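J.: Dock chain one against chain two, each of which comes alone in its own frame, and use the hints as you go.
Protein chains in written order, with UniProt numbering: chain A, 1 to 361; chain B, 1 to 276.
Please note: incorrect hints may appear among the correct ones.
What the hints assert, rightly or not - When the alpha-carbon atoms are kept at most 20 angstroms apart in a straight line, the in silico SDA-like pairs for lysine to any residue are as follows: (1) A/Lys-132 with B/Pro-193; (2) B/Lys-166 with A/Arg-47; (3) A/Lys-132 with B/Gly-163; (4) B/Lys-31 with B/Tyr-57; (5) B/Lys-71 with B/Gln-185; (6) A/Lys-153 with A/Asp-74; (7) A/Lys-107 with B/Gln-185; (8) A/Lys-248 with A/Leu-269; (9) A/Lys-153 with A/Asp-63; (10) A/Lys-104 with B/Thr-178; (11) A/Lys-132 with B/Lys-166; (12) B/Lys-166 with A/Glu-159; (13) A/Lys-177 with A/Asn-163; (14) A/Lys-104 with B/Gln-185.
What the hints assert, rightly or not - Chain A side only, calculated, beta carbon under 8 angstroms to chain B, not exhaustive: (15) Lys-73; (16) Ala-78; (17) Phe-81.
Don't read these hints as lab results, they were simulated from the structure.
Here the structure is a predicted model, which means the values were calculated and not measured.
Quick reminder that beta carbons are idealized off the backbone N, C-alpha and C, glycines included.
Listed below, chain by chain, are the residues.
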Amino acid sequence: MASISIKNLKKAYGTFSVLHGVDLDIADGEFVVLVGPSGCGKSTLLRMIAGLEGVTEGEIQIDGARVNDRHPKDRDIAMVFQSYALYPHMTVAENMSYSLRLRKVAKDVAARAVTAASQKLGLEPFLARRPKALSGGQRQRVAMGRAIVRQPKAFLFDEPLSNLDARLREQMRAEIKKMHADLKATSIYVTHDQIEAMTLADRIVAMHGGVVQQVGSPLDLYDRPANLFVAGFIGSPGMNFLEGRAEKDGIRLRDESFMAMGDVPEHLLGQQVTLGIRPEHVVLDAHGQGMPAHLDLVEPTGFGIILHLTLNGLPLKVFTLDRAVLQAGPMVAVTLAQEHLHLFGPDGSRIGGTSDPAAAA
Amino acid sequence: MQSGLLPTIAHRLAVLAYVVFALFPLFWLLKVSVTPNDLLYSEGVRMWPSATTFEHYAHVLRHSAFPTFFKNSVIVSGSTAVIVTLLASLSGYALSRFSFRSKYWIVALMLLTQMFPLVMLVAPIFKILSPLGLTNSLTGLVIVYSAFNVPFATFLMQSFFDGIPKDLEEAAMIDGATRFTAFRQIILPLTLPGIAATLGFVFTAAWSELLFALMLINGNDAATFPVGLLTFVSKFSVDFGQMMAAGILALIPAGFFFLLIQRYLVQGLTAGAVKG
Chain A
1 MASISIKNLK KAYGTFSVLH GVDLDIADGE FVVLVGPSGC GKSTLLRMIA GLEGVTEGEI
61 QIDGARVNDR HPKDRDIAMV FQSYALYPHM TVAENMSYSL RLRKVAKDVA ARAVTAASQK
121 LGLEPFLARR PKALSGGQRQ RVAMGRAIVR QPKAFLFDEP LSNLDARLRE QMRAEIKKMH
181 ADLKATSIYV THDQIEAMTL ADRIVAMHGG VVQQVGSPLD LYDRPANLFV AGFIGSPGMN
241 FLEGRAEKDG IRLRDESFMA MGDVPEHLLG QQVTLGIRPE HVVLDAHGQG MPAHLDLVEP
301 TGFGIILHLT LNGLPLKVFT LDRAVLQAGP MVAVTLAQEH LHLFGPDGSR IGGTSDPAAA
361 A
Chain B
1 MQSGLLPTIA HRLAVLAYVV FALFPLFWLL KVSVTPNDLL YSEGVRMWPS ATTFEHYAHV
61 LRHSAFPTFF KNSVIVSGST AVIVTLLASL SGYALSRFSF RSKYWIVALM LLTQMFPLVM
121 LVAPIFKILS PLGLTNSLTG LVIVYSAFNV PFATFLMQSF FDGIPKDLEE AAMIDGATRF
181 TAFRQIILPL TLPGIAATLG FVFTAAWSEL LFALMLINGN DAATFPVGLL TFVSKFSVDF
241 GQMMAAGILA LIPAGFFFLL IQRYLVQGLT AGAVKG
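Pulled out of the complex, with its shape left as it was, chain B reads as follows (with noise of 0.2 angstroms):
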């Protein structure tokens, strides 16, 4: 389609605004992150500092509990994000394939728990888990985080089971497969766009969960990374480089995650399938 410079230079212009707009806040952090301190209420507001320096990032690693905050953050995420993803792919399949009594009604349950505030729940979750000796550990933690993330993750997997035609599975189990049968080797294969998606979903979701970890979590040894990232924050002044420092790394491992993923993201799977 031919269209006019103008348009395209608009179109561009606005892409590029948003770019911008978005990426800003992380340049800021990375620029914060390799700031000086001497330096960083000393020169007013600069792109870039006239000196740069990494000692902010050698004292996250080697003199703060960044680490374990760290390891810790991993482990939660990426088991909240296995464990959701495997519950979300079967109930979505339920929802997408089966109609059964309740259907309607447990749509509807899972509809409600996306409703409410959840600063309104952390009490009551703590009532919960604390006699369970949950509170203060990382399984807690994954529990919760599965627990709120599996309803939408539900709801994501339920509609890319939809755009699989039923036609597939039902060939397959005519072919002699069990319907699990079907379902592991004809319908999941064609899933992992969608997979990939609730993975990456899930796992940024309880990467920077901050209030449940806040809320149920005390001391260093089992603090997420974002709770971590309050200790920069004391009584008497807020070491803006280290956690700045400390932001750009847990950074990292989102990014690395969704590089895996993309692949799977970008990906129509399903071309050829039927006619189109």
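If we strip away everything but chain A, and leave its shape as in the complex, we get (with noise of 0.2 angstroms):
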């Protein structure tokens, strides 16, 4: 296992430049997740570390050794593709020991390898079976499988359970966690699935234009999104947001209405600044009391409700557990509540500690 260190990574295909200045450390053993809408550069980056792709400029290191033109056989480091990558024409055990006998590994060694990987990952019937009578669930434990067996000094992951269904998705991603909390490998995990990267991350990086928004635990970005771009893409509902100018005691919205807030900074007055508010935040009012809000759209989960409703002419979407609102009319009255109220500034950045009680009041 190992440690990987990326120094201002830049990546360019001719003038077209997909990362613009990437750094991060990741520790012996961590599970850091890459996250970002398609295009944002999450697979580029980790096909540099993987070394399918050259470094334009910065560096790479594992274990503090600088592995820019090492070619990605010299690197020790195992990948699960997308699409699993299996070797079409060799058996699953085959599939799985390609590595190792490449490397020369004797013979009985390899096998207790693949025996060892296949009992944890339930393959054994189907060592002798090619790629093709397999299902897709039964693919993706091979990729994981053949990863496994190397004991490489990392693991990266491109997006492995996207070809999934929704089921099996969910029962691979308790695997994937499970079997990291087992062996304690280095991972890098690439999705644009956020629930992917809240449930398995240690520490999730969001990336968004070949740039890194904001590095930290799962729920440090769902609670304290550093970005406009991090609050819409974390958490599902996304976050609702109002756009507004600050004034001395809370946000003029654009329909004119008033949120009040705790303090705003001064040097934002009068300037036009964004309010978040989650939608399992924003309270429905049994009594009537609050703002009156027009109901557009009933989606009933099963777990929960969302809505979608009209708030002085913007779109607000709720999340609520109560299902009496699926008896309620076309008029609801909403209330904001102050101290989930995330504040951005006009560059999008984050302004202040809203999320943090303590700071909002």
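T.: Right, dumping it as structure tokens:
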């Protein structure tokens, strides 16, 4: 196992820049998830760590050694591909032992490693099969098995679950987490699915437009998003945003309604700012107190209910566990829990610790 | 899917018509090759002669230079097919996987070579090969055939490589293979259908090539079989029976060759490589 360190890493294809200088330190045994929308550079970053893409500028270190110019085969890392990339002309056992055969590991040692990995993944009945005779979930397991037999310095995952159906994805997610707890392997996991990111990561690296937006623990990103991008990307249903102008004791929204807030920093007065509030922090008021909002759409998820409202002409999503709203009329009353308001400045970056009740008061 | 009886019948009839159209010349070849000479002109047009004979075959095999032609053709076509497939695999892989500065021009140049009528090139090629001592030699023919077949075969192989996910060799490289090892152990086995198709295509192209064989070769020693067939045409007559018998014999290796590779031609080995 190893630590990985990335210093001012840049990638450009000709004049088209994909990564604009990424710095990241990954500790030995840490599970780091790179998350972001497609095209944010997360896969490119992963492929650069794997050695499948060249480095334009900056440095990648594995265990303190610079690996920029090292061929993928000499980096001693394993990767699980989105497509699984199983060798179709080899059996499951051959797929799993291929890396060991390339390293000229003794046959009995390799066989033992394959047996151990296949036991762990429940693949023993399939060892003699070819990949095409396996289901999607089984192929996924073989791809994982191929990675773990090697005991590499680090595991890289490139959206490994996105080809599975929802049920299987949930199951494999838990298995990956279990496997990591078991092996304590340094892992970098790329996904666009923020649920995967939240559930798996020790630390999340949120990326957008080739720039790291925020690095932190999952709850850190959820509770204290560093900017509008992270606030909107993490969480489902997504955070509500209300644009307005900062005034002395609050925010004047677009529709001229006033949202009282604690202290608004002086330098923001008169500036365009954005208020954010998560759907679960919008409170529906049964007694009709609060701001009147029109109920447009109800989406019951079974676990809870997502409501789409219009508040003073602005769209607002609400998440509630209270099924009574299903009987509600077209008008409901809402209040925004002030201690859960997030404030973002004109450049989209977070202002103060507004998610912290003490700071908001 | 349910379809009406009438469309099914029409469809089958159309297929049947095509098959008859395609195979009839072969049948006629066979028919003439077993027709005794005295019946060939006296019986008029019949589907099958009243008497059959194998004397043409016997004559072709025993008293003509056909076995030499045959051997030459096998050598020329076989080596051309192997050389071209080898080169086209490497260049097709390069075109499929790498981006390099002159790629566009190389592709354009290769396309350009396919645009000239070969007749135009016969004289210059003769002029080039003659001082090198490569006229009237099988080596010369192999070189010329290879040169003309490599571009098309490269495009053919490229399309097969394009069909193999890049992830596979990347996975192999991460597993510890060099690019060449990944090519040899992962990509090539999956390209067997493509290689078979390319081998078959080049082999038949070289097998039936007449123009260059005729121009670059004189004398029977280095003649290939298409040139040899012309020896059955003399100034005053055409020995159709022997010519057709030779034609039938010449079909055998081509048929045998396709029998060998057809298993790869129809096989989709990449199934199961990635989600599908």
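J.: Need the status of pair B/Lys-166, A/Arg-47: alpha-carbon distance at most 20 angstroms?
T.: It holds: about 13 angstroms lies between the C-alpha atoms, which stays within 20 angstroms.
J.: For the restraint on A/Phe-81, tell me whether the closest CB of chain B is nearer than 8 angstroms.
T.: A/Phe-81 check passes; min Cβ-Cβ to chain B is 5 angstroms, inside 8 angstroms.
J.: Against the 20 angstroms threshold, does the CA-CA distance of A/Lys-177 and A/Asn-163 hold or violate the hint?
T.: 18 angstroms, holds
J.: Would the pair B/Lys-166 and A/Glu-159 pass a check requiring their Cα atoms to be no farther apart than 20 angstroms?
T.: 16 angstroms, holds
J.: Compare the distance between the alpha carbons of A/Lys-107 and B/Gln-185 with 20 angstroms, and conclude whether the hinted pair is satisfied.
T.: This hinted pair holds, its Cα atoms lying about 18 angstroms apart.
J.: Given the proposed pairing of A/Lys-132 with B/Lys-166, does the C-alpha separation stay at or below 20 angstroms?
T.: It holds: about 18 angstroms lies between the C-alpha atoms, which stays within 20 angstroms.
J.: Against chain B, run the beta carbon of A/Ala-78 and see if the smallest gap drops under 8 angstroms.
T.: 7 angstroms, holds
J.: Given the hint that A/Lys-153 pairs with A/Asp-74, test it: the Cα-Cα distance must not exceed 20 angstroms.
T.: 11 angstroms, holds
J.: A/Lys-248 and A/Leu-269 were given as a pair; does the straight-line alpha-carbon distance stay at or below 20 angstroms?
T.: 7 angstroms, holds
J.: Do the alpha carbons of A/Lys-132 and B/Gly-163 lie within 20 angstroms of each other, as the hint requires?
T.: Between A/Lys-132 and B/Gly-163 the Cα gap is close to 16 angstroms, so the pair holds against 20 angstroms.
J.: Given the proposed pairing of B/Lys-71 with B/Gln-185, does the C-alpha separation stay at or below 20 angstroms?
T.: 34 angstroms, violated
J.: Under the criterion that the straight-line Cα-Cα distance not exceed 20 angstroms, is the pair A/Lys-104, B/Thr-178 satisfied?
T.: 14 angstroms, holds
Hint 5 from the list above is the single one not met by this structure.
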